[in-house]
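Student: If you read the sequences in order, they're chains X and H.
Mapping of the first sequence onto my numbering: position 218 corresponds to residue 218, and the numbering continues sequentially without gaps.
Mapping of the second sequence onto my numbering: position 132 corresponds to residue 132, and the numbering continues sequentially without gaps.
Treat the hints loosely; a few may be bogus.
Claimed, not checked - Below 30 angstroms or equal to it, Euclidean Cα-Cα: the simulated DSS-like pairs (lysine-lysine) are:
(1) 127(X) / 118(H)
(2) 90(H) / 135(H)
(3) 98(H) / 135(H)
(4) 118(H) / 135(H)
(5) 166(X) / 4(X)
(6) 98(H) / 166(X)
What the hints assert, rightly or not - So the derived label-pair ranges between C-beta atoms look like this:
(7) 26(X) / 66(H): 30 to 40 angstroms
(8) 13(X) / 82(H): 34 to 44 angstroms
(9) 185(H) / 79(X): 26 to 36 angstroms
(10) 204(H) / 65(X): 41 to 51 angstroms
(11) 189(H) / 142(X): 28 to 38 angstroms
(12) 88(X) / 6(H): 45 to 55 angstroms
(13) 98(H) / 128(X): 28 to 38 angstroms
(14) 107(H) / 65(X): 24 to 34 angstroms
(15) 50(X) / 189(H): 47 to 57 angstroms
(16) 35(X) / 67(H): 21 to 31 angstroms
(17) 65(X) / 93(H): 54 to 64 angstroms
(18) 98(H) / 112(X): 49 to 59 angstroms
(19) 192(H) / 142(X): 22 to 32 angstroms
(20) 77(H) / 39(X): 33 to 43 angstroms
Think of the hints as simulated: they come from the structure by calculation, not from any bench.
Backbone N, C-alpha and C define an ideal beta-carbon position, used for all residues, glycine too.
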Amino acid sequence: MPHKWAMVIDLDRCTGCEACVVACHAENNIPTAGEDQAARGRTKHWIRVERYWEGEFPNARIRFQPVLCQQCDAAPCEPVCPTYASYHTSEGLNAQVYNRCVGTRFCANACPYNVRFFNFYNPVWEKPLNLQLNPDVSVREVGIMEKCTFCVQRIHGAEIQAEAEKRELKDGEFNPACVQSCSPKAMVFGDLNDPASEVSRLAKSGRNTKLLGELGTLPNVNYLERNS
Amino acid sequence: MRALNDRGKWLVIAVLGVGLFIFAAKTVPFGHAQTQVTTPSPSQAPGRVGATQTGDSDVFTTDHHSAIAAMRDFLGLRSQPVQPIAFPHKTHLANNLKCLDCHAGADVGPDAAIPSVKFCMTCHLVIATDKPEIKKVAAFQARHEDIPWVRVYNYSQYAHVRFNHAPHIRANVACATCHGDLTKQTTAQRVVNLDMGYCLTCHEQRQAPIDCQTCHF
Numbered sequence: 001m002p003h004k005w006a007m008v009i010d011l012d013r014c015t016g017c018e019a020c021v022v023a024c025h026a027e028n029n030i031p032t033a034g035e036d037q038a039a040r041g042r043t044k045h046w047i048r049v050e051r052y053w054e055g056e057f058p059n060a061r062i063r064f065q066p067v068l069c070q071q072c073d074a075a076p077c078e079p080v081c082p083t084y085a086s087y088h089t090s091e092g093l094n095a096q097v098y099n100r101c102v103g104t105r106f107c108a109n110a111c112p113y114n115v116r117f118f119n120f121y122n123p124v125w126e127k128p129l130n131l132q133l134n135p136d137v138s139v140r141e142v143g144i145m146e147k148c149t150f151c152v153q154r155i156h157g158a159e160i161q162a163e164a165e166k167r168e169l170k171d172g173e174f175n176p177a178c179v180q181s182c183s184p185k186a187m188v189f190g191d192l193n194d195p196a197s198e199v200s201r202l203a204k205s206g207r208n209t210k211l212l213g214e215l216g217t218l219p220n221v222n223y224l225e226r227n228s
Numbered sequence: 001m002r003a004l005n006d007r008g009k010w011l012v013i014a015v016l017g018v019g020l021f022i023f024a025a026k027t028v029p030f031g032h033a034q035t036q037v038t039t040p041s042p043s044q045a046p047g048r049v050g051a052t053q054t055g056d057s058d059v060f061t062t063d064h065h066s067a068i069a070a071m072r073d074f075l076g077l078r079s080q081p082v083q084p085i086a087f088p089h090k091t092h093l094a095n096n097l098k099c100l101d102c103h104a105g106a107d108v109g110p111d112a113a114i115p116s117v118k119f120c121m122t123c124h125l126v127i128a129t130d131k132p133e134i135k136k137v138a139a140f141q142a143r144h145e146d147i148p149w150v151r152v153y154n155y156s157q158y159a160h161v162r163f164n165h166a167p168h169i170r171a172n173v174a175c176a177t178c179h180g181d182l183t184k185q186t187t188a189q190r191v192v193n194l195d196m197g198y199c200l201t202c203h204e205q206r207q208a209p210i211d212c213q214t215c216h217f
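Whenever a hint applies, use it, and build me the whole structure from the sequences.
Tutor: Structure follows, in structure tokens:
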């Protein structure tokens, strides 16, 4: 396995600004659901920022936690897919093949993180807003599941560029949209198979936890616990 | 016995119904290419997403604009493109032009460019200016319009294929492998059926990755 993509999110640094959510929507052609669809629970956010209150007012504190697809090594969404649309790539990514998906939604039921989203409607952009769509990413139609891809289009783009220049990928050379937009640098993305990478260094931290790690899904997103 | 007859009857009705629908889809001229001819907006043609869009709609959506269009898409039926200018590829190639001279960028990025009318006129300001087709090109430039070329090769939007020219050209795949022998064509016609089997045969022979997410994402 040449690469093992992983992410580290430092919860001490996250300010809950939701820049990652906005960047993800822009990068991955995710439509906004609108009032009616949102009321029916049909919003799509490949990454969301969960908010928890600690203590009572006036001594209340807020804890933020960005939640995206954990790219599990033992992903519960994969074995339940009858069409093999949800599968594991050779680089350890948990992929969704849109043209294979028939929309059974078994994967969304199996996912303990609620990070898989069904297209209940055909996305609509009023012209000329469609011109801001990212040409490197599909626009998913009604009836199929979608989820965070770790910005696989950027991974491919960087790999193709490195191959053209006949060199190895450098650590931090490219980042998913959420990591790139994170102004407090709470999110770090990289290759766990490279022991010198920033993500390998941070993953060895004593503060490292996995979200719902007790379920045995072996997530590739690491959360660094809050010290403060 | 009675039940079998009933089943037989419904089978005949179903086959006739599907047959009629396929016949309608084939004969009613409502394909992508022809709807795009009627739209003069050049920004429509090169777009990689929204291949099924009509030009007059106020919104962009992944929805098909009619049931016939959906059926044609499902069956993979596409009309041959009709271009606004009878562009002779063979004449240009016979004059020792290379594909990349006009379709620039294919060796470094995902897209092979369609040259702008200005690019055509850099040569045709002086070459063959008396030909009727060249006069049409000059007229487009005089009106400050781009030529509304109709896209020849693209994948169905529902195939979710993200194709990148550059790695293929670096792997020495000849343009003609996927686009046919243009030295024999005037306007480009869809002569190669670029289905997944065609891609995979070559990928397997050359031991290129055949992971789904190599192309579908």
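Student: Please list, smallest to largest, the hint numbers that this structure does not respect.
Tutor: Failing hints, ascending: 8, 9, 14.
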